[in-house]
Structure formats: C-alpha cells, structure tokens
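**Student:** Line order of the protein sequences matches chains S and V.
In terms of the working numbering, the first sequence is residues 1 to 221.
In terms of the working numbering, the second sequence is residues 1 to 241.
Some clues are possibly wrong.
[Stated by the list, open to error] Estimated spans, in silico, between C-beta atoms of each pair: (1) V:GLY116 - S:LEU115: 39 to 45 Å; (2) V:LEU23 - S:GLY39: 54 to 60 Å; (3) S:GLY73 - V:LEU23: 53 to 59 Å; (4) S:PRO87 - V:LYS81: 22 to 28 Å.
Hints were generated in silico from the structure; no laboratory data involved.
Every residue gets a Cβ at the ideal spot worked out from N, C-alpha and C, and that includes glycine.
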Amino acid sequence: MIQYWELLKRELRLALRQGSDSMMVVGFFVLAVILFPFGIGPEPGVLARVAPGLVWVNALLAAMLSLDRLYQGDYEDGSLELLILTPAPLEVLVAAKVTAHWLTTGLPLMAAAPLLAIFLNLSAYDLGVLLLTLAVGTPTLSLIGSVGAALVLGARRGGVLISLLVLPLFIPVLIFAVGAVDAAQHAFPWTGQLAILGAILLGAVPLGLYASAAALRQAAE
Amino acid sequence: MFGLQNPTKFLKFAKLTGPWFALASALLIGSGLWFGLFSSPADYQQGETVRIMYVHVPSAWMGMFAYSVMAVASAIALVWKHPVADHIAKGSAPLGAGFTLICLVTGAMWGKPMWGTWWVWDARLTSMLILFFLYLGYMALAGAFDNAERGAKAAAILAVVGWVNVPIIKFSVDWWNTLHQPASVTKAGMPSVDPSMLLPLLLMGVGFTTFYATLLLWRVRSEILQTRIRNIRLAQIHGEG
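Bound conformation, chain S alone (with noise of 0.2 Å):
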C-alpha cells in the first residue's frame, strides 16, 4: 500500500511539475468540442441533442491522446525496469499510475465539462448526469487504455497504433454514457445505464491491472 501511495506522489509531482501535458488535454478537449458548432451549425436544439456524444467522444479521444505518456518515459529511462524489480506487486503500481493519470487527464475533463455543457446548451440537470457518466467512465478510460500503452512500449509507431487497439474497447464507455445522458435528456430515468457503467469498471478494474502488468512485464523483458 505505501508503494502505492509514493509512486503516486511521485506521479503527480512529475505531471504537476511538467503542468503543460494536463492542460494540453484538456486545451484539446475543448477546442475539438468547439469545432463541432463550426461543423454542424449553431443552432441550440440540435447542439443540445448531439452534446452527450460530442463531449463523450472528445473525451475519450483526450484521453487517448494522454495515453503515450502513461509508460512511454519510464520505459525509456529505465525507471520501468526498476518499478518491476520493486517488491511491491506490480499491479500495485501500475494501479498508481493508473490513478495519477485519471487524476490528471480524466479529472480535469470533468473540470472542463461545465463549460462545454454551456456552449452545446446542455440543461444544468443533463450536466450533473453527464458529470456523473465522465466521473464513472473516465477510469475505466485509463484502465484500458493503460492496457494498450503498456502493449506497445517498444513498438513501431506506437502512438497511432494504441488508437487502433484501444478505440474499440472502449465503445461500451461511449454507448453507455452516452445513452444514460440521452435518457436524462428525454426524461427517461438513467440510473440502469449509469449502473452498467459502473459494472464495467469494476470489471476493468482487475482485468486492466493484470493485463497491463503482464504486458509491461514482457515490454521489460
């Protein structure tokens, strides 16, 4: 528990110290969002209509964007192979890395949601649904993503690559959040989505953590 706890100070004391990569995801996030009105036009009942799906699959993309730099610089300097050589279990570890990149990706989307909810002309009580939707999905966004950046450290191209393995899997996130937001919206009781949801990330839970720590373990090989 207490490697646990270090590796995630030391996580978040790199990613506070390097500020800009958070706040790069989250410049992209909204940016991207803010295209859509360019695309589609400005009128506020179809930006209403299409605003869950927008946010969400601009979330997932943000944090997909996020994921290189989840191992890639352990991996490069070494440090990977000592956090493997560490006694501590290594899916304790990667569980920490895995919570710092929630909390500095995944967290700060949900920052940034508010905003958007007012450019698409998101009610507040959709917001608060789709708050909850991106406080359940984001983890399970980092935990399968984790598994697919752990896949490729050491491969060519491994930054379009990790689209191609993770996009997939994570399109249960995006139809779950996405349809509990809709019924929100039409005033269709969406608790049952939200619980799927969380139903996921339990699953995500251990089959990420072992999985991304039997791949890091090969990449380390």
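Fit chain V to the known structure of chain S by using the hints.
**Tutor:** Just chain V now, kept in the frame of chain S:
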C-alpha cells in the same frame, strides 16, 4: 495435446492431414455452392438475392470462430509458452479478418437490394465491424515489433483482453441498437429456414470450417519453417563471425 505442441510433430501432422482438409473443403464448398446456386428455391420475399446468404452467413460464423481460436491459442501461448500456439494465433488472425471482411462486403451487397442501403447501423453489422477492427489492431500490434516473439506476446495479451471484451461489446451494441432504431429494419420475423436452404447453408458452413483449417495448417507450417530458416541463418552468421 497429442504432442502437437512440438513443432516437428505438428509439421508431420499438418503434412498428413492438410491435403484431406483441402479435399474435404473443395467437396463441401463445391456441393454447397451447387445446392445453393442451382438446386435450392429462391426466397418468396427476397428472390434470388437470398443466395448471398450461403456465403454471408458461414463467413460470419468463421469470423467469430477464428477469433475464438486466436484467443484460446493466445491464452495457451501465454500460460504454457507453446511456440505452435503462438503460430496458430498469429495465423488465425488474417484468416478471421478475411472472413469478417467477406461477411461485411456480402452483407452490404445483400443489404442494398433488400434494405435499400449499403449499410445500416444494425446491431449485428456493427458488432462485425468492431470485430474487424479488433482483428486489425491485433495484426498491427503483432507486426509492430522488430522482435517477432515480442510481437507475438503483446498480441496474445491483446487477444485475451479483446476476447473478454467481445461479449460486452456485443451486449452494449445490441442494447444501443434497440434504443436507437426500431427492429423493423432487421427483417422482423424472419421465417425459419426451409430444409432446402438449410442443407446448402450447413454444407457451406462445414466447408468454410475445413477451408479455414486447411489455410491455418498451411500458415502454421510456413511460420514454423520460416522460424527454422531464420535460426539456421543466424547460426551461420554466428559461425562465420
């Protein structure tokens, strides 16, 4: 499993059984095509286009079957580190991707006259499309490393993770589709298949399976031989140096 994890024994097995699988698939697909194209009635609603089914449905089966083979072989390769299992997983991927692509293309050709459009976001179509991308990701990852063994290992982990995800994706796509679209597009109440159509369908299904087995044995054989050639070359280079 019968000592087949030993590459030499596998080569022997493949040499022995490969021609029989090839013969069986030629006979089965040949007779299936004959029954399907000439000796079965046209559908009372869909007319002659129903014959696309005899290629479309078996290739959909094979697309899913090949993914299962790939995932199981990957799991075996990860746990017991059998080199042949790696080759089977790697050889299965392009075959499965090919079958999935055939399924999608024939589905589009069938959809154009029947539904009036090349593509609808029907749950099954969407699942097959995602399956195709899973195959592409697997093959891209397997080929992205300079060291082939690294690629095989990374791709094996991906295949197992993907396999866990396939039912979830299938379920979520079904759910998504029922939310967004009435089921009327998806031929509500498709009549149960008449025996005269079932026979060619089953013949084609078994024929496609043996065809897949033939190609897979072939691919694994060539993979084993390639590995050997590389090892011999490396040994030669080291001997000279």
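**Student:** Is 54 to 60 Å right for how far apart the beta carbons of LEU23 (chain V) and GLY39 (chain S) are?
**Tutor:** Check passed, 56 Å falls within 54 to 60 Å.
**Student:** Is it true that the C-beta distance of GLY73 (chain S) to LEU23 (chain V) lies inside 53 to 59 Å, as the hint says?
**Tutor:** For LEU23 (chain V) against GLY73 (chain S), whose Cβ atoms are near 56 Å apart, the range 53 to 59 Å holds.
**Student:** For the hint 22 to 28 Å, verify it against the beta carbon of PRO87 (chain S) and that of LYS81 (chain V).
**Tutor:** Distance hint for PRO87 (chain S), LYS81 (chain V) holds at roughly 25 Å.
**Student:** Taking the CB of GLY116 (chain V) and the CB of LEU115 (chain S), does the distance hold inside 39 to 45 Å?
**Tutor:** Taking Cβ atoms as reference, GLY116 (chain V) and LEU115 (chain S) lie about 42 Å apart, which means the hint holds.
When the structure is compared with the earlier hints, no violation turns up for any of them.
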